[in-house]
Amino acid sequence: MSEIPEIRYTRNGDVALAYQVLGDGPIDLVFLPAFISNLEIAWEEPRLARFLRRLASFSRLILMDRRGTGLSDRMSPEDLPPLEVLMDDLAVVLDTVGSKQTALFGASDSGCLCAMLAATYPDRVTALALFAVASVGLRTDDYPWQWTSKEWEAYFGDLVAGWGTRSYADKVAPWFDPSVAGDERFIGWWARYMRQSASPNSVVAIERMWRDLDIRPILPTIRVPTLVMHRTEDAMEDVEAGRDFAERIPGSRFVEFPGGDNAPWLGDPDAVLDAVEEFVTGRRPAPEVDRVLATVLFTDIVGSTERAAALGDGRWGELLTLHHERVRKELERFRGREIATAGDGFLATFDGPARAVHCARAVAEGVRDLGIEVRAGVHTGEIELDGDDVRGIAVHIGARVGALAGPSEVLVSSTVKDLVAGSGLAFEVAGEHELKGVPDRWRLYRVVG
Amino acid sequence: MDLPETRYAKTVDGLYIAYQVLGDRPIDLVFSQGWISNVDAAWDVPAYARGFRRLAKGFRLITFDRRGAGLSDRPPAAEALALEVGMDDIRAVMDAAGSERAVLLGFEDGNMLAALFAASFPERVLALVLHAPWAKGTRTPDYPWGWTDAEWDEWREHVESGWGTIEYARYNTGLGGPSALADRSWPETFARYLRASASPGAILAIEEMQRDIDVREILPSVRVPTLVMQRTGDLLEPIEQARHMADLIPGAKLVELPGDDHAPLIGDTEGLIGEIERFVGSVRDEEAEFDRVLATVLFTDIVGSTERASAMGDRAYHELLERHHATVRAMLGRYRGREVDTAGDGFFATFDGPARAIRCASSISEAVRPLGLEIRAGLHTGEVEHVGEDVRGIAVHIGARVGALAGPSEVLVSQTVKDLVAGSGLAFEDAGEHELKGVPDRWRLYRVVA
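Taken in order, these protein sequences are the chains called F and S.
Take 1 as the starting number for the first sequence in my numbering and just add one per residue.
Take 1001 as the starting number for the second sequence in my numbering and just add one per residue.
One or more hints might be untrue.
With a straight-line Cα cutoff of 20 Å, these simulated SDA-like cross-link-like pairs (lysine to any residue) come out [as the list claims (entries may be wrong)]:
1) Lys-171/F <-> Leu-159/F
2) Lys-1010/S <-> Glu-153/F
3) Lys-1136/S <-> Pro-1250/S
4) Lys-1136/S <-> Glu-1167/S
5) Lys-100/F <-> Leu-159/F
6) Lys-436/F <-> Arg-391/F
7) Lys-1057/S <-> Asp-1002/S
8) Lys-436/F <-> Gly-345/F
9) Lys-1010/S <-> Lys-100/F
10) Lys-436/F <-> Ala-342/F
11) Lys-1253/S <-> Thr-1306/S
12) Lys-171/F <-> Ala-1082/S
13) Lys-1136/S <-> Ala-1082/S
14) Lys-1010/S <-> Val-160/F
15) Lys-1253/S <-> Glu-1275/S
16) Lys-1010/S <-> Leu-159/F
17) Lys-1437/S <-> Thr-1416/S
18) Lys-1010/S <-> Ala-161/F
19) Lys-150/F <-> Lys-100/F
20) Lys-329/F <-> Arg-355/F
21) Lys-1010/S <-> Ala-154/F
Quick list of simulated restraints, FRET-style, between CB atoms [said to hold, decoys possible]:
22) Trp-175/F <-> Asp-1095/S: 28 to 34 Å
23) Glu-6/F <-> Thr-1138/S: 33 to 39 Å
24) Ser-57/F <-> Arg-1156/S: 38 to 44 Å
25) Ser-1179/S <-> Val-85/F: 42 to 48 Å
26) Gly-1388/S <-> Ala-235/F: 52 to 58 Å
Calculated from the structure, these hints are not laboratory results.
Think of the CB as a built atom: it goes at the ideal place given N, C-alpha and C, for glycine as much as any other residue.
Based on the sequences and whatever the hints tell you, model everything.
This is the structure we're talking about:
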């Protein structure tokens, strides 16, 4: 049992509502998942837990189990409150946690609740982010994307017959969230999540409320900045319903994501999270960095400016092409990954430092018959992978080491020399150096023989 | 750990009740734990998981969440929580789990639910086991063990202000199962279990219902074997109350156990479950006795069957046997005998009248002679046990031994049979005293004469 945020209760009239607060970001953000929830069991699914923690990384995140689900008081199908009451529940939770200005992020039916709150209390909602929403529950002539009442009844029948069983979870997964279809562990969690979030009749109660929904009249009154998101292949809520939803809200933005998962936290959640973060904070999120250990190799042609001037642009261009071919051939041979060519030089990374050194020597040898000489530097350290680019202090060190090398010389940092001990490579001391912009003094070695 | 799958049973008033079945022992035990529970989340509470596994060593354990709690539906109105309606939860779960008849183990208001069910459907209850039961929620002059309004209000206050918190879990356990507090992680584990088992609204509805309970008038009509248990140091309910309960239920057995824990699966569960097993064992022995009926057993056998078979060849002998069987069955039909078994060439049948059994034996003996067969037949009357289709008991052994002593076309009977049919017009002659292998005493046998 991992540590989860404390669960507290507040009340709207007689009805107890369970909520959680986490994170200490500068804005308040509510996330309401679709349909059913359980503030306790949600944290047992790593994908959902990660999604929630990322939302909490840029906000004070407020979570609740809606009336009728999870740890909050339940509803019976005989005794359904108007939707306004569920919206009030959300306002009560916000009051309880002292949130006066809140960004709302709601999925599917919960998105409609968020939209209602935004329409009703525009002064307390700063932004409205909606995912996989539809504004109407039942099919009508002018709303073709929903089920007929017959289809709803068939669905209710399936729901009570299979609720909370693995076989039901397994059966509906391809339809709800295709990316987890057949994922045994997920299906087991999901069946448990269903059981712990609602009993068979209470889930029918929830679904019956949404079947009877039609919030189209209020959508044009929303004055809060609104982002409507939808996955193109969503089989639960048609993407056209999402587009229609957005079109009814003045000035809203509609964003379509690839994939078919109905839950925003499945499939490619980062695309959704990035969009939400940027929307509610106004900042493009810093991409997540991936630090790996790597060896960087820098090469550069010695005296290139002079040679270019002497040869003329045309001939120098031909020479450069030959040089690049030779370098790439050696990179391939020693399994180096070309990151960039900066003018006449190369930046490449290797997962083995000895191969990087061998590659550097081969390049230095291989280009000499072209009448040019290269200098090369090698360093090993943790670098940040950012797409096709690499970053980090280790990259800077590698560049500085390379710049200190003489013609046809391969210089390496002491880190590299230590790492390749036993490889048969021989080095001689090349003195201690200051590397510009890098702290400390660095002992460098020259590759010999 | 492989956990049982949670399933739902549907009650007559349309509610879904979550239940689990653990183990495959022949006797079912339904744990009607009342108050609140969560059949899934119970497995995250080590004391409960241990208790369930221990119970499942002796029984096929059926656990369920009563309406209004855990994974079961919340009833639409407060009245639907009442025991009179709520006891259908037990019926629905037993039907869904394929349990014809079960031991009911009760706790908290699950005791009253079980007692009500036992009074209403005695044929479905093998035994009723009530742990720390009470019959009435509130204190009145004629029920001094109930809680006063002040006590109920204080309890409610704790629930309202602290439900689901670690502090509340500690407070509740301090009263209901203090020995659990030896485990430092218990309050957190239990708080989580309480949250999973009931929301604040759900627990308050249940507490209100409990407060109004009064089943004193029902208890005297409980007719099933009942065990009342309680630990003498129980901090929530005085032991005098359990004694009173045992007095109200006719023939109830009272067992007072050492310890302070109110909750049955906290503290010394081994002693408690041992008591349940012993009680159910004694009920079963008694029931076996109830099922003993007086019957006359008849054993027949073909004389020299091995020789005949080898002389005739398999196929011819097989045809002969079929004709023999058809003849015997015709006679059994005529004399209202019940065929229990055919052992090779012989028959074992029972009769409710000994004279008819004798006439049947003589008729068979005559009827098979035209087939070129002779049989020996033996009869005895005594108490037998019916176990499914089978009939058992020492009387069966005696009947078999008597039959083995008969000669060709002879019908031998025990003295018992002869004495019972006095006045029937049947005649006997003394066939001497015999030892019957494996049966004590010497037995005087008689030969039926035409």
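A quick look at each hint next to the structure:
1. Lys-171/F <-> Leu-159/F: Roughly 11 Å separates the two Cα atoms, so the pair holds.
2. Lys-1010/S <-> Glu-153/F: 18 Å, holds
3. Lys-1136/S <-> Pro-1250/S: 18 Å, holds
4. Lys-1136/S <-> Glu-1167/S: With Cα atoms ~28 Å apart, Lys-1136/S and Glu-1167/S exceed 20 Å; violated.
5. Lys-100/F <-> Leu-159/F: 38 Å, violated
6. Lys-436/F <-> Arg-391/F: Status holds; Cα separation ~17 Å.
7. Lys-1057/S <-> Asp-1002/S: Since the Cα atoms of Lys-1057/S and Asp-1002/S sit roughly 16 Å apart, the hinted pair holds (cutoff 20 Å).
8. Lys-436/F <-> Gly-345/F: Holds, at about 19 Å.
9. Lys-1010/S <-> Lys-100/F: 45 Å, violated
10. Lys-436/F <-> Ala-342/F: OK: Lys-436/F and Ala-342/F at ~19 Å, within 20 Å.
11. Lys-1253/S <-> Thr-1306/S: Given that 20 Å is the threshold and the Cα spacing comes to 57 Å, the pair is violated.
12. Lys-171/F <-> Ala-1082/S: 37 Å, violated
13. Lys-1136/S <-> Ala-1082/S: 13 Å, holds
14. Lys-1010/S <-> Val-160/F: Distance of about 10 Å is within 20 Å: holds.
15. Lys-1253/S <-> Glu-1275/S: 11 Å, holds
16. Lys-1010/S <-> Leu-159/F: 14 Å, holds
17. Lys-1437/S <-> Thr-1416/S: 18 Å, holds
18. Lys-1010/S <-> Ala-161/F: At roughly 10 Å apart (the allowed maximum being 20 Å), Ala-161/F and Lys-1010/S satisfy the hint.
19. Lys-150/F <-> Lys-100/F: 43 Å, violated
20. Lys-329/F <-> Arg-355/F: 14 Å, holds
21. Lys-1010/S <-> Ala-154/F: 18 Å, holds
22. Trp-175/F <-> Asp-1095/S: 28 to 34 Å: 32 Å, holds
23. Glu-6/F <-> Thr-1138/S: 33 to 39 Å: At 35 Å between Cβs, range holds.
24. Ser-57/F <-> Arg-1156/S: 38 to 44 Å: 41 Å, holds
25. Ser-1179/S <-> Val-85/F: 42 to 48 Å: 44 Å, holds
26. Gly-1388/S <-> Ala-235/F: 52 to 58 Å: 53 Å, holds
Of the numbered hints stated above, those contradicted by the structure are hints 4, 5, 9, 11, 12 and 19, listed in ascending order.
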